[in-house]
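**Student:** Kindly produce the complete structure, drawing on both the sequences and the hints.
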Amino acid sequence: MELRTRPATAKLPEKMFTGDAWADVIYRGEEPSRTRANAVHFAPGARTAWHSHGIGQTLYIVEGIALIQSRGGKIFEAHPGQVIWTPPGEEHWHGAAPDHFMTHIALWEGDDVDWLDHVTDAEYAGPRTREL
Numbered sequence: 006m007e008l009r010t011r012p013a014t015a016k017l018p019e020k021m022f023t024g025d026a027w028a029d030v031i032y033r034g035e036e037p038s039r040t041r042a043n044a045v046h047f048a049p050g051a052r053t054a055w056h057s058h059g060i061g062q063t064l065y066i067v068e069g070i071a072l073i074q075s076r077g078g079k080i081f082e083a084h085p086g087q088v089i090w091t092p093p094g095e096e097h098w099h100g101a102a103p104d105h106f107m108t109h110i111a112l113w114e115g116d117d118v119d120w121l122d123h124v125t126d127a128e129y130a131g132p133r134t135r136e137l
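Numbering (the working numbering), first residue to last: 6 to 137.
Simulated from the structure, these hints should not be mistaken for lab results.
Nothing here was measured: the structure is a model prediction, and the numbers come from that model.
Take these hints with a grain of salt, some might be off.
Unchecked claim - Pairwise CB distance ranges, derived in the manner of DEER restraints:
| id | residue 1 | residue 2 | range |
| --- | --- | --- | --- |
| 1 | E95 | P49 | 40 to 50 Å |
| 2 | M6 | G77 | 40 to 50 Å |
| 3 | A130 | T10 | 36 to 46 Å |
| 4 | E136 | M6 | 35 to 45 Å |
What the hints assert, rightly or not - With a cut-off of at most 20 Å between alpha-carbon atoms, the simulated EDC-like pairs for lysine to aspartate or glutamate come out as follows:
| id | residue 1 | residue 2 |
| --- | --- | --- |
| 5 | K20 | E96 |
| 6 | K79 | E136 |
| 7 | K16 | D29 |
| 8 | K20 | E136 |
All C-beta atoms, glycine included, are put in the ideal place defined by N, C-alpha and C.
**Tutor:** This is how it looks when you write it as structure tokens:
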């Protein structure tokens, strides 16, 4: 057994995020593990750029209201306790609703994240659904 020291909270880069977002590393696997887990904290209106993961990504909503969209789909409004899976290669974004902070636990494997264009304000303001 080992007690690990957590790195300091990191402000996430404007290149990959719109608005203010921070990450706390929970776990970064060492070979042979490729597992990654971060608690990501979004200010109201903050969001990732479009991106995809080579092995997929799971999001566990901890607090606030999350907005998550796959390219070409409606924006899904997720709430605490909900778990969202995006399959390998699926382009998507996620972030906070415009009037709520949001924290999620992001789980993924490896470093093969393909970062794409920023989510426009028009895309962010698109129609929402609470059903997938």
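**Student:** A separate judgement is required for each hint: does it hold in the structure or not?
**Tutor:** Consistency of the hints with the structure:
In this structure, E95 and P49 break the distance hint of 40 to 50 Å, their C-beta atoms being roughly 26 Å apart. At roughly 46 Å, the beta-carbon separation of M6 and G77 lies within the given 40 to 50 Å, and the hint holds. Distance hint check for A130 and T10: the Cβ-Cβ separation is about 41 Å, which falls inside the suggested range of 36 to 46 Å. Separation of E136 from M6 is about 43 Å and conforms to the stated range, judged on CB atoms against 35 to 45 Å.
Simply put, K20 and E96 have alpha-carbon atoms about 17 Å apart, close enough for the 20 Å limit, and the pair holds. Taking the CA atoms of K79 and E136, the gap is near 10 Å; set against the 20 Å cutoff, the hint holds. Between the alpha carbons of K16 and D29 the distance comes to roughly 9 Å, so the proposed pair stays at or under 20 Å and holds. With a CA separation close to 30 Å, the supplied pair K20 and E136 exceeds the 20 Å bound.
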